[in-house]
Amino acid sequence: MKRQTGIWIDSSKAIIVALDGDTEKITEIDSDVENSVYHNKEGNKGTFSEGHHGDSDKKFDDRKKQELDYFIKSVLSYVKKSDELIVFGPAQTKTRLEQKLMDENLIEPGKLKSVETADKMTLNEIVAKVRRFYNPFEYKEPEPKS
Numbered sequence: 001m002k003r004q005t006g007i008w009i010d011s012s013k014a015i016i017v018a019l020d021g022d023t024e025k026i027t028e029i030d031s032d033v034e035n036s037v038y039h040n041k042e043g044n045k046g047t048f049s050e051g052h053h054g055d056s057d058k059k060f061d062d063r064k065k066q067e068l069d070y071f072i073k074s075v076l077s078y079v080k081k082s083d084e085l086i087v088f089g090p091a092q093t094k095t096r097l098e099q100k101l102m103d104e105n106l107i108e109p110g111k112l113k114s115v116e117t118a119d120k121m122t123l124n125e126i127v128a129k130v131r132r133f134y135n136p137f138e139y140k141e142p143e144p145k146s
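Position 3 (the sequence shown) corresponds to 3 in our numbering; numbering is contiguous.
Note that these hints are calculated values from the structure, not bench results. Please read these numbers as outputs of a predicted model, since none were measured by experiment. Among the hints, erroneous ones may be present.
Said to hold, decoys possible - Taking lysine-lysine pairs in the DSSO-like style, the calculated list, with each CA pair at most 30 Å apart, reads: (1) Lys-100 / Lys-65; (2) Lys-80 / Lys-113; (3) Lys-113 / Lys-65; (4) Lys-73 / Lys-13; (5) Lys-2 / Lys-129.
Unchecked claim - Ranges between beta-carbon positions, derived for each pair: (6) Asp-61 / Lys-25: 30 to 36 Å; (7) Asp-22 / Ser-114: 18 to 24 Å; (8) Asp-32 / Glu-104: 17 to 23 Å; (9) Glu-125 / Lys-80: 24 to 30 Å; (10) Ala-128 / Lys-80: 21 to 27 Å; (11) Thr-23 / Asp-119: 26 to 32 Å.
Quick reminder that beta carbons are idealized off the backbone N, C-alpha and C, glycines included.
Input sequences plus hints: build the corresponding full structure.
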């Protein structure tokens, strides 16, 4: 039986749905990625030290990149044993995840089935999307109410 995995991801969290036959495992990973530019101890003009000017935006961007890389690595640790993988989400984090998978050969060619844009979704919508992607003929749409 194939282990099929779907990941909904943005910079604040990832929801991983792993399908293994009839069993389904859902894992939610919260990220520590800072999304705000304002810092209590850093002024919006940067810092001045003698003749050197330090830009807090640059420090923030560097820190955010490191935090995002760490977050993506932690998400990838959950999908190493997957036979098939789809990635979807609302922002650029999904493409960063795809890029890391490809650049570092973390997944065999052909195992990444799709990378799609998707808005914010509830947990039930995420699970339904993953199930529908892997089993399109078995998944039945709810009957419309008359």
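We went through each hint and held it up to the structure:
Proposed proximity of Lys-100 and Lys-65 is supported: the alpha carbons are some 13 Å apart, at most 30 Å. The suggested pairing of Lys-80 with Lys-113 holds, with an alpha-carbon distance near 15 Å, which does not exceed 30 Å. For the hint pairing Lys-113 with Lys-65, the CA-to-CA distance comes to about 26 Å; that is within 30 Å, so the pair holds. The straight-line distance between the Cα atoms of Lys-73 and Lys-13 is roughly 13 Å, inside the 30 Å bound, and the hint therefore holds.
About 17 Å separates the Cα atoms of Lys-2 and Lys-129, which keeps this hinted pair within 30 Å; it holds. Between Asp-61 and Lys-25 the C-beta distance comes to about 35 Å, which sits within the given range of 30 to 36 Å. Taken as a hint, the range 18 to 24 Å holds for the pair Asp-22 and Ser-114, whose Cβ atoms sit roughly 23 Å apart. Taking 17 to 23 Å as the suggested C-beta distance range, the pair Asp-32 and Glu-104 conforms, at roughly 21 Å.
Here the CB-CB span from Glu-125 to Lys-80 is close to 26 Å, well matched to the stated 24 to 30 Å. Separation of Ala-128 from Lys-80 is about 25 Å and conforms to the stated range, judged on CB atoms against 21 to 27 Å. The beta-carbon spacing between Thr-23 and Asp-119, approximately 28 Å, falls within the hinted interval of 26 to 32 Å.
Violated hints for the displayed structure: none, as all numbered hints are satisfied.
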